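Engineer: Residue numbers (full-length UniProt numbering), protein chains in the order written: chain A, 1 to 456; chain B, 1 to 456; chain C, 1 to 456.
A portion of the hints provided could be inaccurate.
Heads up, the list lumps identical chains together, so a pair's fine if it works in one copy or across two of them.
List of simulated lysine to aspartate or glutamate pairs, EDC-like, C-alpha gap at most 20 angstroms [stated by the list, open to error]:
#1 Lys-126 to Glu-436
#2 Lys-123 to Glu-379
#3 Lys-383 to Asp-442
#4 Lys-378 to Asp-287
#5 Lys-52 to Asp-64
#6 Lys-52 to Asp-442
#7 Lys-126 to Asp-374
#8 Lys-282 to Glu-446
#9 Lys-378 to Glu-446
#10 Lys-383 to Glu-50
#11 Lys-123 to Glu-446
#12 Lys-283 to Glu-373
#13 Lys-378 to Glu-49
#14 Lys-283 to Glu-50
#15 Lys-282 to Glu-436
#16 Lys-426 to Asp-218
#17 Lys-52 to Glu-379
Hint data in this document are derived by calculation from the structure and do not stem from the laboratory. Predicted model, so just to flag it, every value in this text is computed and none were measured.
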Amino acid sequence: MERPRHQGMAKNTYMRWRLPLVCLLWEVAMIVLFGVFVRVGPEADAHWEEEKQKMNLTSDIENDFYFRYPSFQDVHVMIFVGFGFLMTFLKRYGFGAVGFNFLLAAFGIQWALLMQGWFHSFKNGKILIGVENLINADFCVGSVCIAFGAILGKTSPIQLLVMTLFQVTLFAVNEYILLNLLHVKDAGGSMTIHTFGAYFGLTVTRILYRPNLEQCKDKQGSVYHSDLFAMIGTLYLWIYWPSFNSAISEHGDAQHRAAINTYCSLAACVLTTVAFSSMLQKKGKLDMVHIQNATLAGGVAVGTSAEMMLTPYGSLIVGFICGIVSTVGYVYLTPFLESRLHIQDTCGIHNLHAIPGLIGGIVGAITAAAATEDVYGKEGFIKAFDFTGAYQTRTPSIQGGFQAAGIVVSVLMGFAGGALVGPILKLPVWGDPATENCFEDDVYWEVRRPDKPASP
Amino acid sequence: MERPRHQGMAKNTYMRWRLPLVCLLWEVAMIVLFGVFVRVGPEADAHWEEEKQKMNLTSDIENDFYFRYPSFQDVHVMIFVGFGFLMTFLKRYGFGAVGFNFLLAAFGIQWALLMQGWFHSFKNGKILIGVENLINADFCVGSVCIAFGAILGKTSPIQLLVMTLFQVTLFAVNEYILLNLLHVKDAGGSMTIHTFGAYFGLTVTRILYRPNLEQCKDKQGSVYHSDLFAMIGTLYLWIYWPSFNSAISEHGDAQHRAAINTYCSLAACVLTTVAFSSMLQKKGKLDMVHIQNATLAGGVAVGTSAEMMLTPYGSLIVGFICGIVSTVGYVYLTPFLESRLHIQDTCGIHNLHAIPGLIGGIVGAITAAAATEDVYGKEGFIKAFDFTGAYQTRTPSIQGGFQAAGIVVSVLMGFAGGALVGPILKLPVWGDPATENCFEDDVYWEVRRPDKPASP
Amino acid sequence: MERPRHQGMAKNTYMRWRLPLVCLLWEVAMIVLFGVFVRVGPEADAHWEEEKQKMNLTSDIENDFYFRYPSFQDVHVMIFVGFGFLMTFLKRYGFGAVGFNFLLAAFGIQWALLMQGWFHSFKNGKILIGVENLINADFCVGSVCIAFGAILGKTSPIQLLVMTLFQVTLFAVNEYILLNLLHVKDAGGSMTIHTFGAYFGLTVTRILYRPNLEQCKDKQGSVYHSDLFAMIGTLYLWIYWPSFNSAISEHGDAQHRAAINTYCSLAACVLTTVAFSSMLQKKGKLDMVHIQNATLAGGVAVGTSAEMMLTPYGSLIVGFICGIVSTVGYVYLTPFLESRLHIQDTCGIHNLHAIPGLIGGIVGAITAAAATEDVYGKEGFIKAFDFTGAYQTRTPSIQGGFQAAGIVVSVLMGFAGGALVGPILKLPVWGDPATENCFEDDVYWEVRRPDKPASP
């Protein structure tokens, strides 16, 4: 090694027994809980032939698998390749970015299947899962990936697993409050995924504040090829975001509409991001950080409303605004948060998820409040907002109010959750890196340097 | 910086006010035009429940979304990741390749939705869009990405946006002439996308000829990892090309057949590309440029005929020929075009899109002319060529003639369009780079060099 | 060049006439054979309209294309991007990894369409192909990609084509024995693809043993960015594996269930891989080799049973075990195989495909043997194991026995096939590299070094 390293001196980052123990114990717990609770649902059960007759279906194509599986796979790519590679922009933290994201997401989806299952798919003592549960588990983990963005490079894999355990739990609670108690619509998760995930992550990183982090300023940067790797993440997130926002919408027009609106919002967002990236820099040059991140804000910001009758031009307006807001955030807000509020937000999730998530919640509330039977059609109106049963008497403006309440709840849950989990992560037992070793893969990974032979 | 740079001396490449202005104004224009004209179509509208009854559909699965959305996403990947990364082969132009492609495509799809909408989906003063429009917009932008390949590294982002504005417009006109006036089949766009796009781009690059470009010879090359990034683009284009050629074919057998034929053609093309890449080099070694590009020619060349009864072996023959023609083009034709005709074709689109596009048009004309009721079945024959209404009396040989006319029109529109747009791009107001700064990201991008710390 | 190279001295690696000859002749052979034998099947034929009426189908959505095309494209990505990039981990063999994989797979799918067609889709003298054939061809080629992993970096492209020719043939025979004669279930190919492919490849690499390969130890390693490229391969394989295992399962519940079970198994596998990667290393650091490979073992190991009623927790258990077994294999078994048995397994396919494949076969046999009408339902039971016609009287325990026989047959066919093909590949006419030039792209590729200008 070209210079002496201090890991394990200032801090004990030795993972050999701790990490395996956590992974193995938790996985055993998953197996036990799955054994007790989880079974495949009727559409994935070999009794499906009989079920089909009961449901009066004439063809296998009516199986939900064919409505949602392609979208599921797109979402799956977003979580593992999209988020994973987006965070590889750091010059020396590519393994951690893509590898820890892989680890926490693989654990998180299992725990999310259970947590969300207990709340939403629990029947006769069993959680019955199908493709929609897989999508929802990916969604839930998406909020953890977002929070990971704030603390990227500053935590150990054990801390990430601990955070995932808690955050998935709180996600499920928050989601239950919004979807079931408040009866709020949030198919693409502006509130449940982005707002909650971002404020959770920002609170955690505030609590884990490291005073001398600027000594790693150099390592917080990118190199040419790490920026290209990150663009793989960006583009897959951007391309598949229409699948994300439409993945769990109602069959038919709602899925179709959500995809179109998201496509439009994202397209507009790219242009305003480029505009402001150039405008806010003295030399007028474009900054890869903005292109990699702010171009995605348009997808976040129609997460609630994309399945509503937002209209394509409405989507363009939302995308237009979010490209600007997000880019401005990267230039002015991130340094401000760091210097004044001691919020060290490695990936700038405040600009990509928190603010666009809030905007998304607000746009959703307004769009819901503005809904009319005329625009949606009589049946479409009821179907779009699920104004049935106990909610038969809800009016659009009341729905708008509840949507707004959903934003507030998500923000508060984010803060409260972060405030709860942050101190736990601060315990000196999880093997977090010393500040001088932040953003450095070789604390937790066997790294073969490009300029050295593989074996000494 | 290791050596003095002259950007901004020979040429003013300062983008700070010009680029933001263009992006913002045009995006505002999009919003206004979308506001006036664009709405979601019946299959994405909340009135779908009523529509379903009118159309006598029993299930949501009959929504076009489920027929085309997976193909749409594949095409979307091709445009943004495929074309974007294919062009990252240049050692110092990765940001420009993937970033400018992102920018022009994001603008282009919006403008294409409008232009194609006015021609094809205009009803009662509104453009009604659905998933098929999204695919067509991506297709249209594909032709711009192709043209971008010819001028890669030699233009400013504003020039690219200006080119996109015009090219999308002309694409829509050409497409209207072919599909509506000539009633030509071209589902995968051999003529409308590849032939038109390539001759447009070649004409533009001819007009933008730079006499001393050989001084950048070094920067026009690749490095090891930039070639691997480019292979990401190649492989996604290759893998998803069956989706591209089948994306807007008729439901059922036509989509199925188009995918199979394209798969076959592409497979054959790889083998002849490898054969000729080795054969045409003294040392017999393979050249990444050929593998990255010529392997795709087989997809281009069945763009018209893949949905016809080309047969799998017919597809193999087309792929076989195109792998050879394209590789030979890279070795002999590109240098010839550059030295004799002053056509500086950075990515060699002449070999990948122009010639294979022409071949594709011809193969389509022959396949159409050779069609019989016996091979297609009575109903299938009428459905395949849409010989209904005013076209009821068309015979295959007449159709073949019209197909051939479509090739000629596309070539001429490409030339004429390029001849119109080239001089506009040559105006000294768009901030194009000086010749010594071509193929260099740091003219328009904040670049952190791998061998330097991120911040000085 | 920084040091003298000896290629072409010790061995003649000059490909100029040999490689083109093989590629062209074989492609011509494909064209002839396709011309004689291959046509599109009824669902891709223009007679489909009439066929639909015969089959009493009311909608085009019943075309198999819509049931399987999205899964097909996922599998296609796995073969070309997944396997291709997984093998780019070698610092100087990225072109060979991704390029030769491309070449052999492009040839292999054509030959597989024929071979599998003769065995399974041959009617009235013609092979009728549809989307399921395309998937099966990709599957077949998958087994060749696996074998390629064992000999990666040590063979010429001609050797690979020769191996592909034979291996595809033997694959089809083995598959026919298992699926038709033994009437075994193996939708995700634990036996037919992984076990067969791996033992075939291991036998071949044993026969091609190179005594002094440790002199290339340095080049057998990775560099930082080559490990990130490999992670692209890993993640796409991991993400799309549920599509792989469900792609050719029966419509409806079987596809749905196979995807869910695979998803679960893979998730569990990641955690135990991480656990053992850290545990087996003195410094407790994670090793990218394990993360890149062992995380996938869970997909391999449910290849037979995923479409059965394995249950989600059963899948977790399988994944749990395989992550451990595979990682332990990388640490202890690979060096042992190399030093004691002279099996030089570049990618460690023994740990990723051979052992998990065997486990997959065994899990499948047990799951089949344990099947009851109660768990599957009366109709589901018959459908799941195809206990119709001649197999009406099979009981689960008998089926379990046949499944076990399928494992043995696959292992033996792998050994026998490798023993047959290995010596053929050893003939001194195929242009394999000298040992000192192994794992080095510039034997077969034009390579521009990162530290040198593109042109001298």
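Engineer: Compare the structure with each hint and give your call.
Structural biologist: Hints, one by one, checked against the model:
1. Lys-126 to Glu-436: neither (48 angstroms within a copy, 60 angstroms between copies)
2. Lys-123 to Glu-379: neither (29 angstroms within a copy, 24 angstroms between copies)
3. Lys-383 to Asp-442: The answer is neither: 53 angstroms in one copy and 52 angstroms across copies each exceed 20 angstroms.
4. Lys-378 to Asp-287: neither (48 angstroms within a copy, 59 angstroms between copies)
5. Lys-52 to Asp-64: The answer is both: 12 angstroms in one copy and 19 angstroms across copies each meet 20 angstroms.
6. Lys-52 to Asp-442: neither (54 angstroms within a copy, 59 angstroms between copies)
7. Lys-126 to Asp-374: Intra 42 angstroms, inter 18 angstroms, cutoff 20 angstroms: inter-copy only.
8. Lys-282 to Glu-446: Classified as between: cross-chain Cα gap 11 angstroms, same-chain 41 angstroms, threshold 20 angstroms.
9. Lys-378 to Glu-446: neither (61 angstroms within a copy, 53 angstroms between copies)
10. Lys-383 to Glu-50: Between copies, since 12 angstroms is at most 20 angstroms while 28 angstroms is not.
11. Lys-123 to Glu-446: Neither. Shortest intra-copy (46 angstroms) and inter-copy (56 angstroms) distances fail the 20 angstroms Cα cut-off.
12. Lys-283 to Glu-373: Cα proximity of Lys-283 and Glu-373: none, with 51 angstroms in one copy and 65 angstroms across.
13. Lys-378 to Glu-49: between (34 angstroms within a copy, 9 angstroms between copies)
14. Lys-283 to Glu-50: neither (68 angstroms within a copy, 56 angstroms between copies)
15. Lys-282 to Glu-436: neither (31 angstroms within a copy, 23 angstroms between copies)
16. Lys-426 to Asp-218: The answer is neither: 25 angstroms in one copy and 41 angstroms across copies each exceed 20 angstroms.
17. Lys-52 to Glu-379: Answer is between: at 12 angstroms across copies they meet the 20 angstroms cutoff, but 26 angstroms inside does not.
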